[in-house]
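Q: Spelled out, the chains give:
Protein chains: 2
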Amino acid sequence: MPKVKQVNHVAIVVEDMDKALSFWRDALGIELHGLRDVPAEKSQVAFLPLPGSEVELVQPTTEDSGIAKYLAKRGPGMHHLCLEVDDIAGMLSHLKSKGVRLINDEPRTTADGKKYAFIHPESTSGVLVELYQIS
Amino acid sequence: MPKVKQVNHVAIVVEDMDKALSFWRDALGIELHGLRDVPAEKSQVAFLPLPGSEVELVQPTTEDSGIAKYLAKRGPGMHHLCLEVDDIAGMLSHLKSKGVRLINDEPRTTADGKKYAFIHPESTSGVLVELYQIS
Numbered sequence: 165m166p167k168v169k170q171v172n173h174v175a176i177v178v179e180d181m182d183k184a185l186s187f188w189r190d191a192l193g194i195e196l197h198g199l200r201d202v203p204a205e206k207s208q209v210a211f212l213p214l215p216g217s218e219v220e221l222v223q224p225t226t227e228d229s230g231i232a233k234y235l236a237k238r239g240p241g242m243h244h245l246c247l248e249v250d251d252i253a254g255m256l257s258h259l260k261s262k263g264v265r266l267i268n269d270e271p272r273t274t275a276d277g278k279k280y281a282f283i284h285p286e287s288t289s290g291v292l293v294e295l296y297q298i299s
Numbered sequence: 165m166p167k168v169k170q171v172n173h174v175a176i177v178v179e180d181m182d183k184a185l186s187f188w189r190d191a192l193g194i195e196l197h198g199l200r201d202v203p204a205e206k207s208q209v210a211f212l213p214l215p216g217s218e219v220e221l222v223q224p225t226t227e228d229s230g231i232a233k234y235l236a237k238r239g240p241g242m243h244h245l246c247l248e249v250d251d252i253a254g255m256l257s258h259l260k261s262k263g264v265r266l267i268n269d270e271p272r273t274t275a276d277g278k279k280y281a282f283i284h285p286e287s288t289s290g291v292l293v294e295l296y297q298i299s
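Taken in order, these protein sequences are the chains called B and D.
Per the working numbering, the very first residue in the first sequence carries number 165; after that it's consecutive.
Per the working numbering, the very first residue in the second sequence carries number 165; after that it's consecutive.
Simulated from the structure, these hints should not be mistaken for lab results.
Just so we're clear, the structure is a prediction, and the values are computed from it rather than from any experiment.
The C-beta atom is built at its ideal place from N, Cα and C for all residues, glycine as well.
Be a bit skeptical, because a hint or two may be false.
Incomplete in silico selection of chain D near chain B, CB under 7 Å [said to hold, decoys possible]:
#, residue
1, P213
2, P215
3, G241
4, S287
Could you put together the complete structure from these sequences and hints?
A: This is the structure:
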């Protein structure tokens, strides 16, 4: 049986990265470990790791992406919850067999080789859940 | 300088606990470590710990609580992010000195002795942030 290992990250969609960093980095004191453009997601992402999991701040860089539309509709706030699993392909088949609605039926691969897939909020009580398999 | 230690939990507000558990416990396979009425929060809470942090499912048990109103307005989904800190009183003074808007100026105490306080989403890019000091 495929298994959820831990929370990998919580992604927060922000309107203004500088303002967001003034809270999350400067006021709370969480160290910023990188601020990168992620063209595949039409976003700029700030990575603020904590032991065990990470806070990610995501600012859309275009107006036509899914995350830009989410921001326009719902405002800034928590966007998705990413869970690390040990076997993403197995977990996706298992979830499918349980009738869970998936956004990605098959794992996709990030630029740095991590496998990921999203589960539809309809099946999760309103949370956009991302699954990650790191190794 | 007070410090954020880790993500303690992510709280998800749900309309229907059984339906929520059918995904989070039964489909994802995260073990349920308790399902408790929390009268102070007018909620029933399901605790699903993972190594390092926890998923909490929260179903309002009355219609007049803050969380019930949140559910009515925004629908189910992520409600707050809880960060464990080493010195909550110190962190609250520090945040105040930085101009961060707090919901609780002073730490409150849970029934089981944990100190907690909430930060207003206005200062955090839209996230209701809870701080916890466990020991």
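Q: Decide, hint by hint, whether the structure agrees.
A: Right, here's what the structure says about each hint:
1. P213: violated, 10 Å
2. P215: holds, 5 Å
3. G241: Nearest chain B Cβ about 3 Å off; hint holds.
4. S287: holds, 6 Å
Hint 1 from the earlier list is the only one contradicted by this structure; the remaining hints agree with it.
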